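**Student:** Starting from the structure of chain A, add chain B where the hints point.
Each chain, written out:
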Amino acid sequence: NAGVTQTPKFRVLKTGQSMTLLCAQDMNHEYMYWYRQDPGMGLRLIHYSVGEGTTAKGEVPDGYNVSRLKKQNFLLGLESAAPSQTSVYFCASCRDGRTDTQYFGPGTRLTVL
Amino acid sequence: GENVEQHPSTLSVQEGDSAVIKCTYSDSASNYFPWYKQELGKRPQLIIDIRSNVGEKKDQRIAVTLNKTAKHFSLHITETQPEDSAVYFCAASKGSNYQLIWGAGTKLIIKP
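If you're matching them up, the sequences are chains A and B in order.
The numbering of the first sequence is this note's numbering, which starts it at 1 and goes up by one.
The numbering of the second sequence is this note's numbering, which starts it at 1001 and goes up by one.
Okay, chain A solo, but in the shape it has when bound:
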């Protein structure tokens, strides 16, 4: 039981490049979330999903897109990376989005030059 995994762990992009971050969970959770965490800061919600085939915007969705084609996977895309998107990205999943523990992945450290 791996829990929540994220791919890749580290990535360096040039401004304007695109990439996709993959989050996978093996706990059969309905709810999945993408957060970003800037140095010394808290967690800010980018997008989330309440089930397969659904997505919704969080607090800071601009510049990102997401897809949840399979229940166990939640993809975060950056179409044209900007230096302001340099951050650590965490994925999380939970059974019940209102009253349950969110389990976090190990994070992806992204640097945009």
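No lab work stands behind these hints, which were simulated from the structure alone.
Keep in mind it's a predicted model, so treat the numbers as computed, not measured.
Hints may be right or wrong, so weigh each one.
[Claimed, not checked] Calculated cross-link-like contacts (lysine-lysine; reagent style DSSO-like; alpha-carbon spacing at most 27 Å):
id, chain 1, residue 1, chain 2, residue 2
1, B, 1057, B, 1042
2, B, 1042, A, 9
3, A, 14, B, 1042
[Said to hold, decoys possible] Cβ-Cβ distance ranges computed for the label pairs, FRET-style:
id, chain 1, residue 1, chain 2, residue 2, range
4, A, 18, B, 1026, 34 to 44 Å
5, B, 1041, A, 18, 24 to 34 Å
6, A, 79, B, 1109, 32 to 42 Å
7, A, 16, B, 1082, 42 to 52 Å
8, B, 1008, A, 113, 27 to 37 Å
9, A, 113, B, 1107, 27 to 37 Å
10, B, 1111, A, 67, 39 to 49 Å
11, A, 96, B, 1069, 22 to 32 Å
We treat Cβ as the ideally placed atom computed from N, Cα and C, and that holds for glycine.
**Tutor:** Frame of chain A; chain B shown alone:
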């Protein structure tokens, strides 16, 4: 809008002493209040949570108290140890949908 305020932003205590972190929330429909611990370079992990039908919950050296009338909840760590050094985040469920509203975090420093 809905928000969670967390204080203090940094807390330094002597090893063996107690630490208290406080959060206030604005959404009266919030009914779930978790606390997460994030060690340096690691992922956030749940350490304790409380639901609105309970006023206090304990787990060994950690306790959380909730005052729904005043809309605040607190994390209490007793007999602090070096491994308690980390950033602690409080959160509150958002009444209308499936998100958590997060506090800004408290950096807890345990002095030897």
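**Student:** Does each hint fit the structure? Answer for all of them.
**Tutor:** Outcome of the hint check:
Restraint check for residue 1057 of chain B and residue 1042 of chain B: the C-alpha separation of about 26 Å stays at or below 27 Å, so the hint holds. Taken as a hint, the residue 1042 of chain B and residue 9 of chain A pair is honoured in the structure, with Cα atoms around 12 Å apart against an allowance of 27 Å. Among the hinted pairs, residue 14 of chain A with residue 1042 of chain B is consistent with the structure: their alpha-carbon atoms are about 26 Å apart, no more than 27 Å. For residue 18 of chain A and residue 1026 of chain B, the hinted distance range of 34 to 44 Å is satisfied, since their beta carbons lie about 38 Å from each other.
Between residue 1041 of chain B and residue 18 of chain A, the C-beta spacing of about 27 Å keeps the proposed range 24 to 34 Å intact. Between residue 79 of chain A and residue 1109 of chain B the C-beta distance comes to about 40 Å, which sits within the given range of 32 to 42 Å. Range check, residue 16 of chain A to residue 1082 of chain B: Cβ separation about 45 Å, and the 42 to 52 Å hint holds. For the pair residue 1008 of chain B and residue 113 of chain A, the supplied restraint of 27 to 37 Å holds, since their beta-carbon distance comes to about 35 Å.
Restraint check, residue 113 of chain A to residue 1107 of chain B: a C-beta distance of roughly 29 Å satisfies the suggested window 27 to 37 Å. The hinted range of 39 to 49 Å is satisfied by residue 1111 of chain B and residue 67 of chain A, whose Cβ atoms lie roughly 47 Å apart. Separation of residue 96 of chain A from residue 1069 of chain B is about 26 Å and conforms to the stated range, judged on CB atoms against 22 to 32 Å.
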